[in-house]
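Engineer: For reference, the chains in residue letters:
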Amino acid sequence: MSIAVTYALLIIGALTIVLPLYMTAIIPFKTVAENTASYFALPSRFNLDNFRTVLAGGRFFRALANTAYITAFVLLGNAILMPMLSYPIARSMHQSPFYRFVYYFILISIFIPFQVKMMPLVKLLSSLRMMHPTGLSILYIASSIGESVFLYVGYMQSLPEELEAAAYIDGANTFQVYTRIVVPLVKPMMATALIRNGLWIWNDFLLPLIILNRSWTYWTLTLFQYNFRTEYSIDYSLTFAALVMSMIPIMLFYVFAQKHIVSGLTSGALKG
Amino acid sequence: MHHVLPISAQYSVLYTGMWVTSTIEVEMDSMAAGAKQRQFSFLGKKSKDRSKNITFALFVTPGLILYSIFLVLPVVMGVYYSVTDWNGISRRFNIVGIKNYRSIFRDSRFSNAVLFNLKYTVLLTVCVVVLGIALALLLNKRVKGITGFRAMYFFPAVLSALSVTLIFGQIFYRVLPQIGSKLNIGFLQKSLLSSKTTAPYGVLLVNVWQGVALPTILFLAGLQTIPDELYEAAEIDGANAWARFRHITLPFLVPIISIVLVLTAKSGLMVFEYVHSLTDGGPGGATESISLLIYRHAFVENKFAYSIAEAMVAGLIIAAISAIQISISNRMKVY
Amino acid sequence: MKSRSVVVLSIIFSMVFGLVGTVTAKQVELEFFLLKPEVESVMNEIISDFMTEYPDIKVTQTAVADAGTVLLTRIATYDMPDILQTYPAEDKYKHMFDDGLLLDLTEQPFLENVADSMLELATYKGRIFALPMTLSSYGIYYRTDIFEELGIAEPKTYAELIEACKVLRANGYDAFALPNRDVGNIAQRLERLIGVLNPKSYEEFAKIAAGEMKVEDSVTIRTFAEMCLDILRYSTEDHLGLDYESAVADIVNGKAAMMISGTWMLSTMQKSNPDIAVKLIPFPSPLSDKLLVPVNIDTSFSISGDLRDPEPALKFLEYLSRTEVAQKYYEVDGNVNMIKGVVFDKEEHMYMKDLMDQGDMFLTQVNFWPTGLREEMRIPAQQLFIDGDVDAFVQAFGEAINKLYNQ
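Chains as they are written, first to last, in my numbering: chain A, 52 to 323; chain B, 657 to 991; chain C, 11 to 417.
Calculated from the structure, these hints are not laboratory results.
Since this is a predicted model, take the numbers as computed values, not measurements.
There's no promise every hint is true.
Label pairs and their in silico Cβ distance ranges [stated by the list, open to error]:
hint: 1; chain 1: A; residue 1: G108; chain 2: C; residue 2: E122; range: 32 to 40 Å
hint: 2; chain 1: B; residue 1: K775; chain 2: C; residue 2: E50; range: 41 to 49 Å
hint: 3; chain 1: A; residue 1: N98; chain 2: B; residue 2: I751; range: 56 to 64 Å
hint: 4; chain 1: C; residue 1: K413; chain 2: B; residue 2: I802; range: 54 to 62 Å
hint: 5; chain 1: A; residue 1: T67; chain 2: C; residue 2: R332; range: 55 to 63 Å
hint: 6; chain 1: C; residue 1: R318; chain 2: A; residue 2: L257; range: 53 to 61 Å
The calculated lysine-lysine pairs, modelled on PhoX-like cross-linking and capped at a C-alpha distance of 25 Å, are [claimed, not checked]:
hint: 7; chain 1: A; residue 1: K238; chain 2: B; residue 2: K838
hint: 8; chain 1: A; residue 1: K174; chain 2: C; residue 2: K102
hint: 9; chain 1: A; residue 1: K310; chain 2: B; residue 2: K708
hint: 10; chain 1: B; residue 1: K838; chain 2: C; residue 2: K265
hint: 11; chain 1: C; residue 1: K338; chain 2: C; residue 2: K350
To give an idea of the interface, some chain A residues facing chain C are shown, with a C-beta separation under 10 Å as derived from the structure [unchecked claim]:
hint: 12; residue: T75
hint: 13; residue: T82
hint: 14; residue: A84
hint: 15; residue: E85
hint: 16; residue: D100
hint: 17; residue: Q146
hint: 18; residue: S147
hint: 19; residue: M169
hint: 20; residue: L176
hint: 21; residue: S177
hint: 22; residue: M182
hint: 23; residue: F256
hint: 24; residue: N264
hint: 25; residue: N278
hint: 26; residue: Y283
Each residue gets a CB set at the ideal place from its N, CA and C atoms; glycine is no exception.
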């Protein structure tokens, strides 16, 4: 493919992204009246009022802190627990009926509709006194088990076992084999799992809604964004100001970490 | 599991003589060797085996405890509620047996929703996989400014579903019809969401627009694992672009494709937010998904027990389908 | 090495178990749970005034996103707020009262501050479980400036309304902005306008369900369908693509001249244009020349039945029932306030208020229909707007009535 064709295709694709990007960026700089007149027109003047309103009262920063705390907690817990859970399954499920059962038993949960367990979860968390960000984080870690096990087990099975066998021969115990050989090798999949989970938790609405409903001090960013709508109407100007503010951290993270993400995903893939 | 072997053997035959045999055979062999080695190297060392079993047991314990408390227990509680007449509010309710389940099978809205989800999921997975690979190939080109393009193509993934649907609601109503009128494309002259035939595609478009971003990055990562020498060798052998894609690129992407298939299928089968805020199931019920139906019964119509029963049935259907799908993609993974 | 593994494992276990035990501080104060986020700040002011008067009572307001869903989950977990907003005419809240979740307020002296007609609307099985404060009403918002410019008189009859539609269309306006992408909006329109045609529609439906009447013979249902199709002819072209926000924008931008909506829409329009020239009038029935206003009880306050000592909460309700407090609430809320002595000055809604004062109002039908009938009709009603098939709509309505009355 020639360079010109490559650029042409890249630009066509980018155009479908630019319009929504443009709207997301422009809406919060306009007053409600300007947005009602047109969501597409440029603002009449450089106007930061919406951002000021959104930032006033400190609720945004509280929500940002809560979301960051929950996301960090879950990602840490996920990164520690899920490869640990998956490794024995990946290495034993072909011989051990127990681990085979565990694998499929866990896999089922990927496809259980959330509504089945929603009300029971609320009751459960309430009786365990876990209706706070930490409680929600633990619930998130548990909820990510199905998908994580699916990702890690599949990946671990594709890793050659010679290295592990060699380490055993050198006298390492299972825990050492796991931390020194397996963990470095699963890093690409870890990057995948963490990105997926991170984006999910950052943008999740329903679980925070039903678990963190006691007061705004527990709010996450999605609950904060929802705050600018009533039963009948949405304030686009403020909602998008809140949305943009909430996006900035992950956007920055992605821009700075892009190289590491892609290389994290690919490192170790050149195995053998 | 014994049927796996003939299939993998078959695949290895298929792959013989292809450009990538070397790498793939290493994996094949390593798996087989691993299995052998396990028997050979561990059987004799009982104590080492026992300590390994204990470590393994310790490894899975925290995960299994979490799983039992926060997934198994709620589902069991859900089964219990599904045989009651609980409306979600009352503190008193009665056990009504399988009455809720019987009414589900008489409800045409439920079967319509199931059908919608199935069609939608098939379309969504096909679109995401095909488009994801195409975009990854494009973003893998070494041209100037590609880093910027990569960042931009990832942008949809960081938006919340709320903002995506608000923006596309406006684009569908105000932008696309103008383009449709100018270019004289009949179905585009009104909002895609206003007709029963186009509305599912409108929702799909938004879902693909956002849902393809992360798979693209995964495919891109997969592409970067392919050694350049393979392509160079193929070129010397006179393979055309399609042959190179078919015999070098695709085999390397197979594991990622199987992951993307399962994850996308999951999001398609559970689709809620896109339909909820773009069409709310309309027009005329054309986009009513299972999740939306369950949500409405639970929170709008106060039929809580019934909605949980619906979720149970939906879960069973989905589990059956995904069991088939996972077994297919597992076979794909065994090269 | 061993010690490191122990450390890691103990970190994990403490993550799993240690934090489960974290207990949120037990609230000693009263919690007030808000359903209408738009009045959060004025309620905060009212609460702080209240606490100045009663320094020994601490009221904290909980205002959360999607409060209706949240309230449901809290009831299910036996976590009832102490004081809460309710909609006492709705089934859900009547069930809550039946279950003993809401305190009986019938004998409370502060109810004397509420207009009698309002108390009547809020009475359930002879009891009152909420302090009812405001009434929302529903009708047609029209742009008075556009009507004036085209020389159209305010429509008082259905014939005049259709006449106005024709003139508007001829002059390039959409007569109505119809947000038919929004099925919730359609369902609400159906329920309110059927009430305009027949404020006792539930009696007719009960007869249909009992087999004493055929749904095909229901003038109410058929007229409603035909009326919708009449209006559609003069309305937004791509009505199935139009959502509520864009419909309001069409009114503000002067693309459309009328919109069928409720009193909550005024503040949304005024946010875009504080001086917008609009007026709310009742929807004229094709079946009668008498103008009737569909109303619903909007802001109301109830107390949890779980409170061991309801006295402080009752003090708060008494405070809310005072004229000057209700007046303060009205300034932000804008709905007709039924606390005695509150001065109403919203020109846009004055006509409705006058009709309501004369008693030309009825409680909207959803309060009398079985739970779920309105929602069950969402799809058939939208279908009517798609294919214009009145017979199919009537049939579907009959099926929904049979299903929900005979559950």
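Engineer: Next step is simple, just say for each hint if it's right about the structure.
Structural biologist: Outcome of the hint check:
Checked against the hint of 32 to 40 Å, the C-beta distance between G108/A and E122/C comes to roughly 38 Å, which is consistent with it. Checked against the hint of 41 to 49 Å, the pair K775/B and E50/C passes, with Cβ atoms roughly 43 Å apart. In this structure the supplied range 56 to 64 Å holds for N98/A paired with I751/B, their Cβ-Cβ distance being about 60 Å. K413/C and I802/B have their C-beta atoms about 58 Å apart, which keeps the hinted 54 to 62 Å range intact.
The supplied range of 55 to 63 Å is met by T67/A and R332/C, whose beta-carbon atoms lie about 57 Å from each other. At about 33 Å, the beta-carbon gap between R318/C and L257/A misses the expected band of 53 to 61 Å. As the CA atoms of K238/A and K838/B are separated by approximately 50 Å, the hinted pair breaks the 25 Å bound. About 20 Å separates the Cα atoms of K174/A and K102/C, which keeps this hinted pair within 25 Å; it holds.
Straight-line distance between C-alpha atoms of K310/A and K708/B comes to about 37 Å, which puts the hinted pair past the 25 Å bound. This hinted pair checks out: K838/B and K265/C have alpha carbons roughly 21 Å apart, not beyond 25 Å. Proposed proximity of K338/C and K350/C is supported: the alpha carbons are some 13 Å apart, at most 25 Å. Because the beta carbon of T75/A sits about 16 Å from the nearest beta carbon in chain C, more than 10 Å, this interface hint is broken.
Taking 10 Å as the C-beta cut-off, the interface hint given for T82/A holds, the closest approach to chain C being about 8 Å. For A84/A, the interface hint holds, the least distance from its beta-carbon to any beta-carbon of chain C being 5 Å, beneath 10 Å. A hinted interface residue such as E85/A counts as satisfied when its beta carbon comes closer than 10 Å to some beta carbon of chain C; here the least separation is about 9 Å, so the hint holds. A least Cβ separation of about 13 Å between D100/A and chain C goes past the 10 Å threshold, and the interface hint is therefore violated.
Checking Q146/A against chain C by beta carbon gives a least distance of about 24 Å; that is not within 10 Å, so the hint is violated. A distance limit of 10 Å between C-beta atoms decides the matter here; for S147/A the minimum to chain C is near 22 Å, and the interface restraint is violated. With its C-beta approaching chain C no nearer than about 8 Å, M169/A sits inside the 10 Å limit, and its interface hint holds. The interface hint given for L176/A is met, as the beta carbon of that residue sits about 8 Å from the closest beta carbon of chain C, less than 10 Å.
The interface hint given for S177/A holds, since its Cβ lies 4 Å from the closest Cβ of chain C, which is under the 10 Å cut-off. At a threshold of 10 Å, the smallest CB-CB gap from M182/A to chain C is about 7 Å, leaving the interface hint in force. For F256/A, the shortest C-beta to C-beta distance to chain C is roughly 8 Å, which falls under 10 Å, so the interface hint holds. At a threshold of 10 Å, the smallest CB-CB gap from N264/A to chain C is about 4 Å, leaving the interface hint in force.
For N278/A, the interface hint holds, since its Cβ comes within 10 Å of a Cβ in chain C; the closest pair sits about 6 Å apart. For the restraint placing Y283/A at the interface with chain C, the shortest Cβ-Cβ distance is roughly 5 Å, inside the 10 Å limit, so the hint holds.
Comparing the model with each earlier hint shows violations of hints 6, 7, 9, 12, 16, 17 and 18; every other hint is respected.
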